[in-house]
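Model the full assembly from the supplied sequences, consistent with the hints where possible.
Residue numbers (numbering that gives the first Met the number 0), protein chains in the order written: chain A, 0 to 267; chain B, 0 to 260.
Residues on chain B that point at chain A, a partial pick, calculated with CB under 7 Å: (1) 45; (2) 169; (3) 172; (4) 179.
The set of hints was computed from the structure by calculation and includes no laboratory data.
Bear in mind that the values here come from a model prediction, so they are computed numbers and not experimental data.
Cβ atoms here follow ideal geometry from the backbone N, Cα and C, with glycine treated the same way.
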Amino acid sequence: MGVSRIASEVAVFARSTYFQYVALFQWASVRGYVAYKILLPVDQMLFFVELGAYATGPENAAYFALGNALQLTANAGIFGVIATVANERHFGTLPILLGSPANRLVTFMSRAVVNVLDGIVTVIIGFAIAIGLFGLDLHHANIPLLALCVVVVSLSTAGLGLMFGSIGLVMRDAIIVANVIYYVMLVLCGVNFPVSRLPGAVQLISYSLPLTRGVEAAREAVAGASFGQVAGLLGGELLVGLAWALAGYALFATLEGWARRGGMQEAY
Amino acid sequence: MRSLVRAAFSSLRLTLRTRVVSGWMYLNWLVFPLIFAAAGLFVLSTPGGSSSRLVYGVLGGGLIGYWSVAYIDGGNGIQDERWQGTLEQVFATPTPLWVIILGKVAGAILFGLLSFVPTAALGYFGFHAVLPQLDPSRFVISLGVLTFTFFCIAITLTPLFALWRWAFSMVNGFEIAVYVLCGFMFPVAILAPWAQGVAGVLAPTWAVRALYASTMAEGPHDLVAWWLVAVGLSLLYLCGAYFLYALVERRARVSGQLAWA
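Written as structure tokens, this is what we have:
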């Protein structure tokens, strides 16, 4: 009984992942993917690398390239996941989803899978650009550890995306919020300058966001650090992402309760 | 003529009103430029750097917000019509399309100008950045020329968004590249020579150069020449726009497939 139930939940998870990819993955066209997943990342890196080189000297270009390459995970983790959750309302499929007997936690978490994978692909593109165009040197890097950092950061940013995706269920302009969150991370998460330069209170916000510790760990990995030296940072990064995802699920469940009681699946 | 002015004004008024329907829309022109200004100011104020660079953070965030609202939102006006199912009605009215677009873009530009308010406030209160070398008259003329260049680009790009819905995605993908090529937050002179060549055919590059020169004492100050180049290039864009609008009209009326484009 236990095994068949787990198998059933895994099947729901797999189906939900597949359907959210075919129905809700918003970059599933060649032009859309090129525009938003290749052109925009290249532009963003170019902008901040040139800005950083102008402000601090060309020798620091790789610092900005690495930070921005990692921040690209938020492209999938924030924009992708928010759209995947919030678009159920826009497409009119939310009442059907809420009417299904499927496990809510399983269907909710499945929203992140494709976007996490996509986030990893985006960072690989970002690293290729950083190495090819901006001279990011990985000769001394601990590559397996750097790869682990990328996976962890992709997971944690998707956690934040799940939270704001749930908020998107009750507001019409979720994409604007996604835009703001994505770009706020450029300032708060140590992507372009150390978090220590921010005011004390703002640093608290920085460390409650995904990416901050992940970027720090990745910089250490590029410098050749071992797993033991960054394990704390990566553990913290995972915990932050999990906390945001669970908060998002709790909000989703609360909103579902309200909607069921009031019959307002599409009205709130 | 009076009816055209009235139609353009109605389009402008409608654009302004739809922009304030949702409080979240304010984030576009208020918070977005603020975020870029903050990122720019933190990077540009790195210890050991020249304080004169801060002007790029103060004005750069505003320029980014201004550009984003002017061309993205101006152009997106046509996409909105398509999504709301009103694109055919817009084309079926006796008012020429360019008049309606003119009103939309003017509305977007008015909102875009507001982007300078939060970024200047952040620069002043957050980083004590001031513009002691500011030449007000040259600054105002440069801003006027810049507005004209944004206006012409938005007018020119909009028919592309009407013709092909994917055009918006592609142009959107180049949005941040424009920040780089037009020198919104650092001088174009630091770019590779080939990139400077591309930047030279973009009208805002010259207007932005004049704008920054009007706030600094050092460096070349050929403002009149830069204004003329910016205006000349913008007029060239408008010549291209004439043919694009004719193409859109033909596509809309002959094939009747505009909403499917």
